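The number in the working numbering is simply the position in the sequence shown, starting from 1, with 748 added.
Honestly, the hints are just simulated from the structure, not real lab data.
Bear in mind the structure is a predicted one, so any value in this text is a computation, not a measurement.
Don't be surprised by glycine CBs; every beta carbon is placed ideally from N, CA and C.
Check each hint, because a few of them may be wrong.
Stated by the list, open to error - Label pairs and their calculated CB-CB ranges:
#1 Arg1010 x Trp786: 49 to 55 Å
#2 Asp1106 x Phe785: 25 to 31 Å
#3 Val1109 x Pro915: 56 to 62 Å
#4 Ser1130 x Cys886: 25 to 31 Å
#5 Ala1018 x Lys1121: 37 to 43 Å
#6 Phe879 x Trp925: 14 to 20 Å
#7 Glu890 x Val1109: 43 to 49 Å
#8 Glu890 x Lys1095: 28 to 34 Å
#9 Trp1092 x Ser1130: 48 to 54 Å
What the hints assert, rightly or not - In silico lysine-lysine, DSSO-like type, Cα no more than 30 Å apart, as pairs:
#10 Lys926 x Lys1001
#11 Lys1071 x Lys1008
#12 Lys1071 x Lys1001
#13 Lys1058 x Lys1008
#14 Lys1001 x Lys929
#15 Lys1057 x Lys1076
#16 Lys1057 x Lys1143
#17 Lys1058 x Lys1105
#18 Lys1058 x Lys1001
#19 Lys1058 x Lys1143
#20 Lys827 x Lys1001
#21 Lys1058 x Lys1071
#22 Lys1008 x Lys1105
#23 Lys1022 x Lys1008
#24 Lys1008 x Lys926
#25 Lys1022 x Lys1057
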Amino acid sequence: MKKILIALAFVGLGTAANAQTTQIETPSKYCVATNSFWSNWYVQVGADMTLSAPYGAKKLSDNVFHQGKSFGVDLAVGKWFTPGLGLRLKAQWENGILDQHACACHPSWTANFDGVGEGADFGAIYGDVQFNLSNLFCGYNESRVWNFIVYPRAGFTRVFDANAYTPVLGGGIENTWKLGKVVGLYLDVAYNVTTQHWGRYLQVRDNDNAMCNTYVTAELGLQFNLGDNTWQKAVTLDAYNALAAASEEALAKLRAELDKERAENARLRAELAKQPKPAAAQPAKVEKVVAAAATSVFFDLNSTTINSKKDLINLEAVAAVAKETGAKVVVTGSADSQTGSSAWNQKLSEGRANAAKDELVRLGVNADNIEVKAVGGINEVSPYILNRRAVVELK
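All chains, please: the whole structure from these sequences, using the hints.
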């Protein structure tokens, strides 16, 4: 008897078009792949000059340069969650008393908040929401040297002379210059408003003039980038369409071949039924050979949920062949090695393999015929986000 060959060879990455739907919606220069939480951190260290409205001033411009000038140091830690949006926590220490004592020839340079000549000795903590306008309006460019950033802020200050806290609202403009992969230069100018004067004698000596205190800080310093501080361009729409078209064409040819073999199988059975059966003849055996087949289903970052209906359609095709031929199915889950720890990627790959297995069982494949493997973080496919998948193969 003729051997009846049922060949079904799915392309392993044929459905890569649906790898990360949230990251390939557009080929725009504004679209990047999601980074891990530990990427895009930085530390800033700088020195500043602060101009503060002195005691009794109606506005910031009232003799502020000579009577409200002090110096300080600044330390900040920040993270960019996208190329255009980040958060920063900043600490400022302004030692006006030190400035006054060190510059006896210019005692008026220190901020005179309390009306008795004491300096602007205060500390502050700010939380800034940063918007990188260069990336928001011009798109992310890894080689860009200068970035223009604006931010609103909220925080509080403690005036050491007055032994008092007061909340602060404000905003500022930051310019950064890239000096190297790790080090950069920044210039930051902020305008801040407190809810009350900082002088401890305010209620006694200036009760009628109780108003908001304002101060401007100009800061210059160095920025140190921690870990990976770049962004990967997302898969473009053109690449998506090309992969999708190639996948659909290959699957259509293989389905047509399967239909052709099924028709040939039916014809041979019909011919066999017409022929007389010898008395001692053994029943004819029909061999079914299943060629190794593979298809992939893809997942979003840190997800174990299949993210595309097209991937489910391909699983249906695999399930149909597995049920018809009784072939074994091997499901291998993986994660991308560029994000996450080894332990977390191993857990993700196990969850993704089990998610694909559960879907095959739902489609009618016997669970005992499914073998599950988890290989953790890998870097076998480019771009790296396509390694967030489960590969389904027929044995």
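Range hint 48 to 54 Å: satisfied by the CB atoms of Trp1092 and Ser1130? violated, 22 Å
Just to be careful, I want the Cα atoms of Lys1022 and Lys1057 compared with a cutoff of 30 Å; is the pair within it? violated, 45 Å
Within 30 Å, alpha carbon to alpha carbon, are Lys1022 and Lys1008? holds, 22 Å
Hey, Lys926 versus Lys1001, does the alpha-carbon distance stay inside 30 Å? Since the Cα atoms of Lys926 and Lys1001 sit roughly 52 Å apart, the hinted pair is violated (cutoff 30 Å).
Hinted pair, alpha-carbon criterion (30 Å max): Lys1071, Lys1008. Please report holds or violated. holds, 19 Å
Next pair to validate is Lys827 with Lys1001; report whether the Cα-Cα distance is within 30 Å. At roughly 49 Å apart (the allowed maximum being 30 Å), Lys1001 and Lys827 break the hint.
Whether the CB-CB distance between Phe879 and Trp925 falls inside 14 to 20 Å: About 18 Å separates the Cβ atoms of Phe879 and Trp925, which means 14 to 20 Å holds.
Cβ separation of Glu890 and Val1109, checked against the hinted range 43 to 49 Å: holds, 45 Å
Distance restraint hint 25 to 31 Å, applied to the beta-carbon atoms of Asp1106 and Phe785: Taking Cβ atoms as reference, Asp1106 and Phe785 lie about 28 Å apart, which means the hint holds.
Taking 37 to 43 Å as the hint, is the beta-carbon distance of Ala1018 and Lys1121 inside that range? holds, 42 Å
Holds or violated: Lys1058 with Lys1001, Cα cutoff 30 Å? Satisfied, since the Cα-Cα distance of roughly 17 Å is no more than 30 Å.
Take a quick look at whether Lys1058 and Lys1008 sit within 30 Å of each other, Cα to Cα. Roughly 24 Å between the alpha carbons, so the hint for Lys1058 and Lys1008 holds.
Hints 9, 10, 14, 20, 24 and 25 from the earlier list are contradicted by this structure; the remaining hints agree with it.
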